[in-house]
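There are 2 protein chains.
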Amino acid sequence: MSVTDSSPEESQKASRQKGLVVINTGHGKGKTTAALGLLLRAWGHDMKVIMLQFVKKSTANFGEHRAARKIGIDIIPQGAGFTFGGKNEAENKRLSIEQWNRAKELIDSGTYQVVALDEFTYPLKYGWLPVTEVIDVLGKRPQNVHVVITGRDAPQELIDFADLVTEMKEIKHPLRKGIKAQKGIEF
Amino acid sequence: MSVTDSSPEESQKASRQKGLVVINTGHGKGKTTAALGLLLRAWGHDMKVIMLQFVKKSTANFGEHRAARKIGIDIIPQGAGFTFGGKNEAENKRLSIEQWNRAKELIDSGTYQVVALDEFTYPLKYGWLPVTEVIDVLGKRPQNVHVVITGRDAPQELIDFADLVTEMKEIKHPLRKGIKAQKGIEF
Chain A
1 MSVTDSSPEE SQKASRQKGL VVINTGHGKG KTTAALGLLL RAWGHDMKVI MLQFVKKSTA
61 NFGEHRAARK IGIDIIPQGA GFTFGGKNEA ENKRLSIEQW NRAKELIDSG TYQVVALDEF
121 TYPLKYGWLP VTEVIDVLGK RPQNVHVVIT GRDAPQELID FADLVTEMKE IKHPLRKGIK
181 AQKGIEF
Chain B
1 MSVTDSSPEE SQKASRQKGL VVINTGHGKG KTTAALGLLL RAWGHDMKVI MLQFVKKSTA
61 NFGEHRAARK IGIDIIPQGA GFTFGGKNEA ENKRLSIEQW NRAKELIDSG TYQVVALDEF
121 TYPLKYGWLP VTEVIDVLGK RPQNVHVVIT GRDAPQELID FADLVTEMKE IKHPLRKGIK
181 AQKGIEF
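Chains as they are written, first to last, in our numbering: chain A, 1 to 187; chain B, 1 to 187.
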């Protein structure tokens with residue numbers, strides 16, 4: 001007779017409204033995908049949403065970019081790809097700083113009710129951006145702005161600051177069985 | 001200098017095409033949300049996608065339902081809500097069997113390239129549907145059909161059968177801080 005899950009029916013009864021800082025971290029799949037689902041859901045409620053992608057190449061044109069274009073949501077990738085070290089890392093750092101400056105403006109403006117910072121943990125992990133500044137910006141943001149952060153190895157300070165943190169844990173991955181990444185599923 | 005994540009750029013180089021069975025389980029947030037993101041991504045690639053929701057009330061009209069209507073994706077809830085036991089459980093069982101019959105037809109037909117069965121672990125967990133039959137249907141499905149299953153406590157036999165399994169693990173939840181579920185974020 002007990003409720004075994006936090007069903008939406010139940011959750012709606014709770015009583016305080018505020019923008020959340022949501023983190024999807026861990027080494028499993030579904031971090032970016034869940035952020036996309038969240039944007040879609042918020043967009044379903046006529047909220048204004050945007051995703052800024054770090055590290056992902058500016059030329060990226062995966063399913064999410066195509067879908068976003070089709071429905072008029074902005075997903076803006078700006079990075080040099082997932083190779084770290086050397087010249088590529090310097091480029092990733094430069095592009096991440098630019099992207100973060102854009103993110104700060106967007107968050108501060110309050111124009112968007114959901115701002116997703118995809119793969120944002122990498123610039124923090126590699127020290128391209130100071131975590132303290134990020135927390136400072138998040139702490140001072142307009143009250144109604146939700147910020148969703150994805151990526152592996154979220155820094156502990158950020159986890160401490162966040163409201164909702166989920167670890168996506170890999171239990172089983174098809175690449176281990178030699179099955180290629182599938183269009184529409186993983187990209 | 002190493003690649004620290006399975007980036008889409010890398011994954012696209014792999015070489016075998018096949019429909020996957022994907023499971024999002026665990027007690028954290030993001031299971032349904034990641035399934036939604038996956039549908040959106042596949043839809044971005046012009047794939048035909050659908051979500052059948054178990055247990056969730058047929059009157060459910062959350063962000064995902066609104067968004068789906070806006071873009072023409074079918075999300076069909078059919079359940080009696082997340083209260084288990086008694087009369088409500090009998091109703092959930094009846095509705096789950098009906099929904100599963102619909103799911104079997106959809107999967108067998110090959111009309112949809114992605115069929116998501118949301119909260120599908122509950123009918124299995126409570127014994128309303130036999131896991132063996134489910135695995136049998138999945139095993140015989142057309143080769144290009146991806147099936148995405150969400151819900152807590154996925155049965156081990158199903159995990160053993162699946163290709164990609166992720167556990168969403170709760171690290172931190174705002175309800176613990178007395179913050180209500182936020183529109184656009186959780187529903």
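Please note: incorrect hints may appear among the correct ones.
For chains that are exact copies, the list does not tell them apart, and a pair is met inside one copy or across any two.
Computed cross-link-like contacts, BS3-like style, restricted to lysine-lysine with a CA-CA straight-line distance of at most 27 angstroms [said to hold, decoys possible]:
no.: 1; residue 1: Lys180; residue 2: Lys169
no.: 2; residue 1: Lys57; residue 2: Lys140
no.: 3; residue 1: Lys183; residue 2: Lys140
no.: 4; residue 1: Lys48; residue 2: Lys180
no.: 5; residue 1: Lys104; residue 2: Lys48
no.: 6; residue 1: Lys172; residue 2: Lys183
Everything labelled a hint here was simulated from the structure, so no lab data went into it. Every value quoted in this text rests on a predicted model; they were computed, and no experiment measured them.
For each hint, the structure was consulted:
no., hint, result
1, Lys180 <-> Lys169, "both (20 angstroms within a copy, 26 angstroms between copies)"
2, Lys57 <-> Lys140, "neither (30 angstroms within a copy, 38 angstroms between copies)"
3, Lys183 <-> Lys140, "between (39 angstroms within a copy, 21 angstroms between copies)"
4, Lys48 <-> Lys180, "between (35 angstroms within a copy, 21 angstroms between copies)"
5, Lys104 <-> Lys48, "within (16 angstroms within a copy, 37 angstroms between copies)"
6, Lys172 <-> Lys183, "within (18 angstroms within a copy, 32 angstroms between copies)"
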